[in-house]
Amino acid sequence: MTKRNLTDKQQKFLDVLFDEASGDVTVAKQIAGYSDGSATTEVIRSLKEEIAEATKEYLARVAPRAAFSIANALNDPTELGIRDKMAAAKDLLDRTGYSKTEKMEVSMPDGIFILPPKNQEQEEEA
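Under this note's numbering, think of the first position of the sequence shown as 409, with each following residue one higher.
Be aware that a few hints might be false.
Unchecked claim - Straight-line Cα separation of at most 27 Å, DSSO-like style, residue types lysine-lysine; simulated pairs:
(1) Lys417 to Lys493
(2) Lys464 to Lys420
(3) Lys511 to Lys493
(4) Lys456 to Lys511
(5) Lys526 to Lys498
(6) Lys511 to Lys526
(7) Lys464 to Lys493
(8) Lys420 to Lys456
Treat the hints as calculated values from the structure; they're not laboratory data.
Required output: the full structure, derived from the provided sequences and hints.
In structure tokens:
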């Protein structure tokens, strides 16, 4: 993705969205200095690609915390809310590309059955 030249307000919006605003676009818009009359949907539409990229970067930043949460569950598996915490950590890691590897074994029976070619009558019926 090529970087666009953003206005100061747009850059400020992106900077605070995943920090001070904690993902709340209305709060980010206010902190960035947009007027109350500015449509939130227009701000979002104009920064759609940049928000998507910033979201990926944010998930990459918090992925290590998710990994530590899973590992720390080994130390205290009776922690209150551990199931929900593990599910959230697993989901976040899946979304960032660190999903569990699944292996599948494929086997064939001893022999191959080959059907004869269809004749003209069978093709017309099909």
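Between Lys456 and Lys511, is the straight-line Cα distance small enough, at 27 Å or below?
-> Violated, because 37 Å separates the two Cα atoms, which is more than 27 Å.
Do the alpha carbons of Lys464 and Lys493 lie within 27 Å of each other, as the hint requires?
-> Holds, at roughly 20 Å.
Given the hinted pair Lys420 and Lys456, is their alpha-carbon gap at most 27 Å?
-> With Cα atoms ~15 Å apart, Lys420 and Lys456 stay inside 27 Å; holds.
Would the pair Lys511 and Lys526 pass a check requiring their Cα atoms to be no farther apart than 27 Å?
-> Answer violated: Lys511 to Lys526 is near 37 Å, above 27 Å.
Hint consistency between Lys417 and Lys493 [alpha-carbon to alpha-carbon, up to 27 Å] = 36 Å, violated
Would you mind confirming whether the straight-line C-alpha gap from Lys511 to Lys493 stays at or under 27 Å?
-> 26 Å, holds
Assess, step by step, whether the Cα of Lys464 is no farther than 27 Å from the Cα of Lys420, and give holds or violated.
-> 18 Å, holds
Restraint status (C-alpha distance of Lys526 to Lys498 at most 27 Å) | Violated: Lys526 and Lys498 sit about 51 Å apart, past 27 Å.
In summary, the structure is inconsistent with hints 1, 4, 5 and 6 from the numbered list given earlier, while agreeing with the others.
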